[in-house]
Amino acid sequence: MSTPLVIDITILVLSLLVGFEVISKVPATLHTPLMSGANAIHGIVVVGAMLVAPTADGPLGYVLVFFAAVFAAMNVVGGYVVTDRMLEMFRR
Amino acid sequence: MSGSDAAIHLLFLTAAVCFVVGLHLMNTPRTARRGNQLSAAGMLLAVATAVGLLARDREITATGLVVLVAGLAVGSAAGLYCARAVRMTAMPQLVSVFNAVGGGAAALVAFAEVVRHGGASGLADASAQLTVAVGLDVLIGAVTFSGSVIAAGKLQGTISGAPLVVRGARALAGLTAAVAVGGVVAVIAGQGGLIVLTVAAVAALAFGVLMVLPIGGADMPVVISLLNACTGTAVAMAGFVLDSSVLIIAGALVGASGAILTVLMAEAMNRSITAIILGGFGTGDAAGGTAAAGGTGTVRSVTADDAALQLAYARKVVVVPGYGLAAARAQHELVELANLLEGHGVEVTYAIHPVAGRMPGHMNVLLAEAHVPYPKMLELEEANAELARADVALVVGANDVTNPAARRPGNPISGMPILDVDRAGGVIVIKRSMGHGYAGIDNELYTDPKTAMLFADAKAGLAALTAAAKTLVH
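Taken in sequence, the protein lines are chains A and B.
Going by the working numbering, the residue at position 53 of the first sequence is 53; the numbering climbs one at a time, nothing skipped.
Going by the working numbering, the residue at position 434 of the second sequence is 434; the numbering climbs one at a time, nothing skipped.
Calculated directly from the structure, the hints in this document are not laboratory data.
Worth double-checking, as some hints may not be accurate.
As the list claims (entries may be wrong) - Quick list of simulated restraints, FRET-style, between CB atoms: (1) B:PRO417 - A:GLY58: 51 to 61 Å; (2) A:LEU14 - B:GLU59: 30 to 40 Å; (3) A:GLU88 - B:ALA73: 40 to 50 Å; (4) B:ALA55 - A:GLY58: 30 to 40 Å; (5) A:LYS25 - B:ALA327: 27 to 37 Å; (6) A:PRO59 - B:PRO417: 51 to 61 Å; (7) A:PHE20 - B:LYS470: 43 to 53 Å; (8) A:GLY58 - B:ALA327: 16 to 26 Å; (9) A:LYS25 - B:ALA7: 49 to 59 Å; (10) B:LEU44 - A:PRO4: 35 to 45 Å; (11) A:THR10 - B:ALA77: 31 to 41 Å; (12) A:LEU17 - B:HIS436: 17 to 27 Å; (13) A:ILE9 - B:GLU59: 19 to 29 Å.
All C-beta atoms in this analysis are idealised placements derived from N, C-alpha and C, irrespective of residue type, glycine included.
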């Protein structure tokens, strides 16, 4: 196993534990905004689409990058906006 | 590691910290909005850092840049439109759509990486780390994509919500799963390139469809949570493909969140996750359960006037809203009635079962939209303490989650956590007919001597109650 892989696995496992710890405290009232907010966070794949873009140099590569960018941007922008819209409604 | 490499890593780390702290702030409704905004700020930082990285390396071709920017613009516009236009009742569909595109994007990123490696010839020499990550990313991403699209279709009603069971579907699902996994194993073993990976991806897409199609509408909260966890995992795998820690961290956070919600929802419905996933595969959904509870009592029907009288002279009323309320879009009528009662000195709270709605916490959002203050929305335990003290429980559009039969063994809902509506002083149920809920059994609550049935559609029934109450309190 290479060192970068070991480091990546370490990060994955620790992040999962942090996730379980932080999210198990969220009250049921907020479960929909939580899921939608988490949804927005996995929109980080937009950074993945950007990182992989320089590798494209043929039609197939461009098509893949285009759709990855469309999907990821839709995910991240829509996710944050709709979560904010929901949370705005939660009032005392 | 050069100076700018270190800076880029630290900026991505800062973004990841924003995600974690942002999720942490979701612990209370008071700070939740700030939490989401912090998380969004982190995302903006991550994107800006990626822009900086592209500008520094200057490896992207001019066409590539145009394609990327065009894609980002189109996606952002589509996302913004959906987020602004969606009705709160349609939130589960939208979340499913975002799950789909997130999973799809993760799989496409893996494909783009494979194309860079030169497809067939290149992959054979690639490290096992890359091929394993690519394989898992493509499998999970593709299943999540098609599964979420089907889930969204079912929730929207474009695809039948009933469990769709076709002869041979189970065998076909098994076959597609075998092809998908086999293809990925071949890629990892260095025996296949782009074409084999594409075949695996198509098989995984088919499997996603076949997996979700047979699952019944009542199980949707679990399915959405599970697909959410899958998207997170797919994104984490994309992080392995690109060796990007911020993708791994963010993906893992979402994976954890989805996993927790999946377990919570399955517990609240008294179903095991395997039973839900495999249940649709032909072994019979809970909807096929037989009427085990022997409710032989008579049903007492009331007029809106009598029910309004009972509500207006109560000290404490607990409302039990269910999906029927949301389906009839009657939240606003409900809140109008509650405001009227409160003006008359009646204390009104809302008892919300974890699966009241089509996704976790859905009912709370619908009530929040109708301006119900969140401290009045009670979770299961709190709600049951309050129900025991309530003079009247008003049940609107909820069925199985109020059935006392769950406390006894030997029926389809045995052991399911329920709202103790039968422990309130009196019960008023607004319901169109004596029809069964998803569990397909009689609700013993309806034959309880202290229960009065107001037979009406949720919206019409609430409006009639409000009209009747107005004549009483003025």
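Hints versus structure:
no. : hint                           : verdict
1   : B:PRO417 - A:GLY58: 51 to 61 Å : holds, 56 Å
2   : A:LEU14 - B:GLU59: 30 to 40 Å  : holds, 31 Å
3   : A:GLU88 - B:ALA73: 40 to 50 Å  : violated, 26 Å
4   : B:ALA55 - A:GLY58: 30 to 40 Å  : violated, 23 Å
5   : A:LYS25 - B:ALA327: 27 to 37 Å : holds, 31 Å
6   : A:PRO59 - B:PRO417: 51 to 61 Å : holds, 55 Å
7   : A:PHE20 - B:LYS470: 43 to 53 Å : holds, 50 Å
8   : A:GLY58 - B:ALA327: 16 to 26 Å : violated, 49 Å
9   : A:LYS25 - B:ALA7: 49 to 59 Å   : violated, 33 Å
10  : B:LEU44 - A:PRO4: 35 to 45 Å   : violated, 27 Å
11  : A:THR10 - B:ALA77: 31 to 41 Å  : holds, 38 Å
12  : A:LEU17 - B:HIS436: 17 to 27 Å : violated, 43 Å
13  : A:ILE9 - B:GLU59: 19 to 29 Å   : holds, 28 Å
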